[in-house]
Each structure stands twice: as C-alpha cells, then as structure tokens.
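Position chain B against the provided structure of chain A, taking the given hints into account.
Residue numbers (our numbering), protein chains in the order written: chain A, 1 to 340; chain B, 1001 to 1313.
Just so you know, these hints were derived from the structure itself, not from any lab.
Treat the hints with care, since some could be wrong.
[As the list claims (entries may be wrong)] Derived DSS-like pairs (lysine-lysine); straight-line CA-CA distance at most 25 Å: (1) B:Lys1007 with A:Lys167; (2) B:Lys1131 with A:Lys66; (3) B:Lys1203 with B:Lys1041; (4) A:Lys247 with A:Lys337; (5) A:Lys7 with B:Lys1203; (6) B:Lys1268 with A:Lys200; (7) B:Lys1212 with B:Lys1125; (8) B:Lys1073 with B:Lys1093; (9) A:Lys68 with B:Lys1125; (10) B:Lys1131 with A:Lys337; (11) B:Lys1268 with A:Lys66; (12) B:Lys1131 with A:Lys68.
[Stated by the list, open to error] A few chain B residues that face chain A, going by a derived Cβ cut-off under 7 Å, partial list only: (13) Thr1015; (14) Ala1017; (15) Ile1020; (16) Ile1140; (17) Val1147; (18) Val1279; (19) Leu1281; (20) Ala1283.
All residues carry an ideal CB built from backbone N, CA and C; glycine is no exception.
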Amino acid sequence: MLSLRDKLSRNLEEAAESQIRAEVDKTAGISDRELFSYARYDEKEAEKTGYSNYSYWGSTVRMFFKNKGAVAVMLLMLGILLFTFIQPHLPGQFDPNTVNNDPNTSMALRNVPPNDTFLFGTNNIGQDLWARIWAGTRTSILIGFAVAMIEAVVGITMGVLWGYLRKLDFFFTELYNVLDNIPQTIILILVAYILSPSVKTLIFAMSLTGWIGMARFIRNQILIIRDRDYNLASRCLGTPTRKLVLKNLLPYLVSVIMLRMALSIPGAIGNEVFVTYIGLGLPTSTPSLGNLIDAGRAVMMNVSQRYQLIYPTVILSIVTISFYIVGNAFSDAADPKNHR
Amino acid sequence: MAKYLVKRIGRSLLTLALIICIVFILMRQMPIEGYFQNFDKLTDAQIQAGLKEQGLLDPLPVQLVHFFQNMFKGDFGVSHSYRVNVPVTEILKDKLPVSIRLGCLSILVAMCLGIPLGTLMARYKGRFFDKFGTLFIVFIQAVPAAVYFLFIQMYGTTLLNIPLLFHPNNWRSWVLPVISMSLGNIAYYGMWLRRYMVDESNKDYVSLAKAKGASGGRIMFRHIFRNAFVPMVQYLPSSFLNTVIGSIYVESLYSIPGMGGLLVTVIKDNDNNMVQAIVLLYAMVGVIGLLLGDIMMTVLDPRISLGRKEGGR
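Bound-form chain A, shown alone:
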C-alpha cells in the first residue's frame, strides 16, 4: 500500500513538474507586459474545469457492448426468455398436461418421435413435449428468478444492517460463522424432504441459505465505503440513515448485486434438477426442467426415445450457460477499473 502511494505521489510530482516546464516554455516568447496584464474572462474556459463526461452506467453499457460474444449470448437469452412467455399464446400449441389421443383409434399417442404436429415428439403418456418443455422452462426460470430476488432482498437488507450498525456486527458475524459451515445441499434435502413439494416450498428451501453469502459481501463493501468522506459529509449535514444507505451506499453496489443474482439463477435451476432426481421434486402435473429431465432419464437407454432427454437438457444448458456468461461479462464491464 505504502509503495503504491509513493509511486502515485512520485508520478504526480513528475507530471506537475513537466507541466510547469511546458507552461514556462510557452511563456518564453511573450513579453513581460503581456504576462502581467489581466486575462480576459472567458465563459467557456471557466466551464472547462471540473467537468468529465464519465458516466458509470454509460461506460458499463459501452464496455459490455464491446464484448461481441457476450452480446450475442445475451440476445439469445432474451430471445428464449421472451419465447417462453409468448409460446402458450401462439396458434396451434398443445396444452402441456393434456394427453393427446389419435383421432382415428382414440389411443394415446405415446412416445411419438418429433414430427410436424409434435415438434419435440410426445412423452410416454402422450403429452406434447414441446409444450411441456416451454412450460417447464417457465417454471424453472420462475424458480431461479424468485430465488435470486429473495436472496438479493434479504441479503442486501441483512448486509446493510450488518455493516452499518456496529452493535449488530458481533451477532451477525457469529451467525455467519455457524450458518456458513452447514452444507447447503443438506439443508436443501432436509427442507424439501419435510415440506411437501411445490414451487413455493422449493423456492423457500433454496433461498433459506443463499442470502447469507450476499449479506456478507454487502457487509464487507459497506464497511469499506461507509466512512468515506462523502458519507461523513452527508452525515454531518444531517442526512437520515435510510436515505444515506439508499442514495450513497447501494448505487455503488448495484453492479455486483446484479452479478450475484445472474449467477444464482443457474444455480437454482440446477438445484431443482438435483432435488427432482432424489425424489423430492415437483409433481409431473407442474412441468419443470427438472422433472422433464428425470422423465427423460428413465427412457434414455432406449435409443429411439432419447429425444425426451436431449431436448430438455439442451434448453436447460442454453439457459444456464447464457446466464452464467452474461453475468460474468457484465461484472467485468461494471468494474470501473476496466473502464477506459
């Protein structure tokens, strides 16, 4: 740290010296009379100082769009997100839970391979896989977003309290030390085992532990910036704490919060698949990527029915990878050190 400061001050000195030298050189050809007369007031020159066209969000967005790969992935992600929500309203879609029968023989259309009517085929009881996959993506993304939102809201609230109120620091630190030691999978399994499976209980089980990491992170950041000069100044001027936190502290953290949220979505989607596999997932009447993959797994050794595993896994992989890549690219772009 000290060496850095030394280096900076040396750099500053050198810069100042060379500037002075340049100024002196400039004045060499000017007569004393001119040098010691009053300068004219120039409005433009007066405005020049203290203005920078740097805007944090502007630079973040610009940096992000420089990363062509990430932009492409983001467009793909947005396309899929949009499609999952407009798909049921498109013409000629099947209901994800209706068993389709052959109109001639009135037999259920089981395990029909992909064709023009059933784009992704049907499953082993004759439900349309295309409709089930999009319905399942909807469920999984809903779970992912809900978990990310809860983690963010609870984590930020707790983190701000933890970092800002010194009295609570001991309590929260000890709580963290204990909670952080408990394996997350165990809590997930236990809570899912005890509660009957539904979207709500899964969201609850997953967000039970995730917030503590976020809270810890926010706390550390707040400790760093809470006593900076601008915050001291605000406090001296009598700004209420609530406003101080909302206006001075949180905007500083937005980018990192968004990154954590973007990364916890793939995590939640993966957890749902895991929980379904161990038999604690959603009932099949609520399609989710987890139970679709589990259904596909049951038939995967049957080469002609493998499409029932491959389609949901491909969609799931695209969704999780794109969230992961976009989140990482965004965090790189949001880091002011990378702004040039």
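Then chain B, alone, in the frame of chain A:
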C-alpha cells in the same frame, strides 16, 4: 495460535450441535409412517404402542437429550424399511468403504488433471490452451452436474461399451463414475489455481526472479506455483471429504452400493432414522472439512495473523 485453534474448533462443535438439534427437531415434524415397516396394516393402538416404545411420545427436549446420549454411544436407532430393524450404524459400516474407495480414486484423478490444468492455463494465459480450459470450466460450472452426468452415462455406456451398472470386481464399470465425480473438482481446482497463479505472477518477487535470469518454467513452478498453492490448501480437505463420502447423484445413477446412493433410496422409502443419520453424517463431514481447511491454512501460511476476527474492520 493455540487460542485461535481452540476458538475455531469450539465454533465447529457449536455448529455441529446446532445442526444436530435442527435436523432432529425437523425430522420430528415428519409423518410417523417413516417409523414403521408396515404402517398401513397397523391398528391405532399398535401405532401408539410402537411410538411409545421408540420414545417418540416424550416431549421434544427429552427426546433430544436421549438422542444425544445414544449418539455418544454410537447408536443412531434402527432402520424401519430399508433393512428392517438393523441398526443404522451397521448398514452404514457396509456402505462407507465403497464410497471411500471410489472417492479416493476420483480425488486422485481430479488432482492429477486439475492441477496441471490450472498451471498450464496460467502459463499460457490468453492463448489457445487457456481459452480451451476456460470453455471447459464455464461448461462444468454453468451446466448442472445432474445433466452432464446423464450424458456421460448415456454415451459412455453405449459408445464405449462399458457396463451400465457398477460392479466392484469389474474395473471397467469404475471408469464412468470416477470420471463423473472428478469433473467438478477438476474444474474447481483448475479455476482457482489459475486465478491464484495469475495473481501471484504480478507480484514483485516474480520480477526479481526474472531479473536474476531464472527461466520461465522455473519461475512458474518453483516460485509462483508454490505460493499460489497455499490458498488452494484451504479447499482441499472439504473437497476431499465431500468426494470421499460419496456423490449422492453419481452413486445412485450407477447403483453403487455406497452412502450417497443410499440417501436417495431411504428418502424414497421414507425411512426417517436412516435419513437422519445420513444427513448428520454429511453435515458432520462438511463441518470437519471446513475446519481442517482453516487449520491447514494457518499451519502452512505464516503470513496469516491469528486470533484476529475474520474480516475485522
């Protein structure tokens, strides 16, 4: 140092006690079917008698005290539906060696591949190998393990003609589970080692070594690698223990008669005592792993100041 160790171990014990209490109290909220072999055929009176015999009608604190007492005697109750009336510890005794053998093998594979991966990625930063490795790591991190395990099983068994299910005497059937279990650790080691090595390579002592005329490879392995490996040590015990105790998913996919596969089976059977014992075992292993990691870290790296509050202000 001793003060720090006592504090750290004390905290782990506290955590463990807390976990045991939470798990125990939560398990009491389960439907009572899980305590009987043939619940449907029993009359109410028999059920009440059975509950009384198992001490489940006592008030919760009394039950908890009993549970702690039995636990110190190594008694976790008996299984109710998996293997009727066989003590849980007996069942686990058979299962554990299988998981440990597989886990050790997979951790060995993970180290042999993950550490070179991270080192080479840092050495050739920004070049083809680094990009290739990053792609691999992103894939493993972003795609749920549940998904790529399935594909390994599906294509591994059909394309390579490896038996679908695990058999301890057939070495070929060990290949896929071991690979599946090591992939996550390979990516994990690779990612962190690369990051630490890149961090280290920007430090002053590297410039000094360069100025002395040490060769690139020597700087990489003698200087950077050794320093970068220190923070890695913190993760090793947890990843080792978590792998050795058995991957829940992989073991049940290949019907490996180990701990992880057992958990899935007993959850599906609603065998409460078994679920409780296995969950506690996993939790214990997790806590001990983190504890060992912290201890090894303080032993290995003298720069870490002890006794200071974690992340103190």
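Do the hints match the structure? See the list:
For the hint pairing B:Lys1007 with A:Lys167, the CA-to-CA distance comes to about 22 Å; that is within 25 Å, so the pair holds. Our distance criterion of 25 Å between C-alpha atoms is met by B:Lys1131 and A:Lys66, whose separation comes to about 19 Å. A threshold of 25 Å between alpha carbons decides the hint, and for B:Lys1203 with B:Lys1041 the separation of about 72 Å lies outside it, so the pair is violated. This hinted pair checks out: A:Lys247 and A:Lys337 have alpha carbons roughly 22 Å apart, not beyond 25 Å.
Pair hint A:Lys7 plus B:Lys1203 holds up; C-alpha atoms about 15 Å apart against a cutoff of 25 Å. Taking the CA atoms of B:Lys1268 and A:Lys200, the gap is near 21 Å; set against the 25 Å cutoff, the hint holds. For the hint pairing B:Lys1212 with B:Lys1125, the CA-to-CA distance comes to about 23 Å; that is within 25 Å, so the pair holds. Between B:Lys1073 and B:Lys1093, the direct Cα distance comes to roughly 16 Å. Compliance with the 25 Å bound is thereby established for this hinted pair.
Between A:Lys68 and B:Lys1125 the CA atoms are separated by roughly 21 Å; this keeps the pair inside 25 Å, and the hint holds. Only pairs whose Cα atoms come within 25 Å are accepted, and B:Lys1131 paired with A:Lys337 is accepted, the gap being roughly 23 Å. Note on B:Lys1268 and A:Lys66: the hinted pairing is violated, with a Cα-Cα distance of about 50 Å set against a maximum of 25 Å. For the hint pairing B:Lys1131 with A:Lys68, the CA-to-CA distance comes to about 16 Å; that is within 25 Å, so the pair holds.
Checking B:Thr1015 against chain A by beta carbon gives a least distance of about 4 Å; that is within 7 Å, so the hint holds. A least Cβ separation of about 10 Å between B:Ala1017 and chain A goes past the 7 Å threshold, and the interface hint is therefore violated. Given hint, B:Ile1020 at the interface with chain A, is violated; its Cβ is 11 Å from that chain's nearest Cβ, farther than 7 Å. With 7 Å as the threshold, the beta carbon of B:Ile1140 stays out of range of chain A, its nearest partner Cβ sitting at about 11 Å, so the hint is violated.
Nearest Cβ of chain A to the Cβ of B:Val1147: about 5 Å, under the 7 Å cut. The hint holds. With 7 Å as the threshold, the beta carbon of B:Val1279 comes within range of chain A, its nearest partner Cβ sitting at about 6 Å, so the hint holds. Because the smallest distance between the Cβ of B:Leu1281 and any Cβ of chain A comes to about 10 Å, over 7 Å, the interface hint for this residue is violated. The beta carbon of B:Ala1283 comes within 5 Å of a beta carbon in chain A, closer than 7 Å, and the hint placing it at the interface holds.
In this structure, the earlier hints numbered 3, 11, 14, 15, 16, 19 are contradicted, and the remaining ones agree with it.
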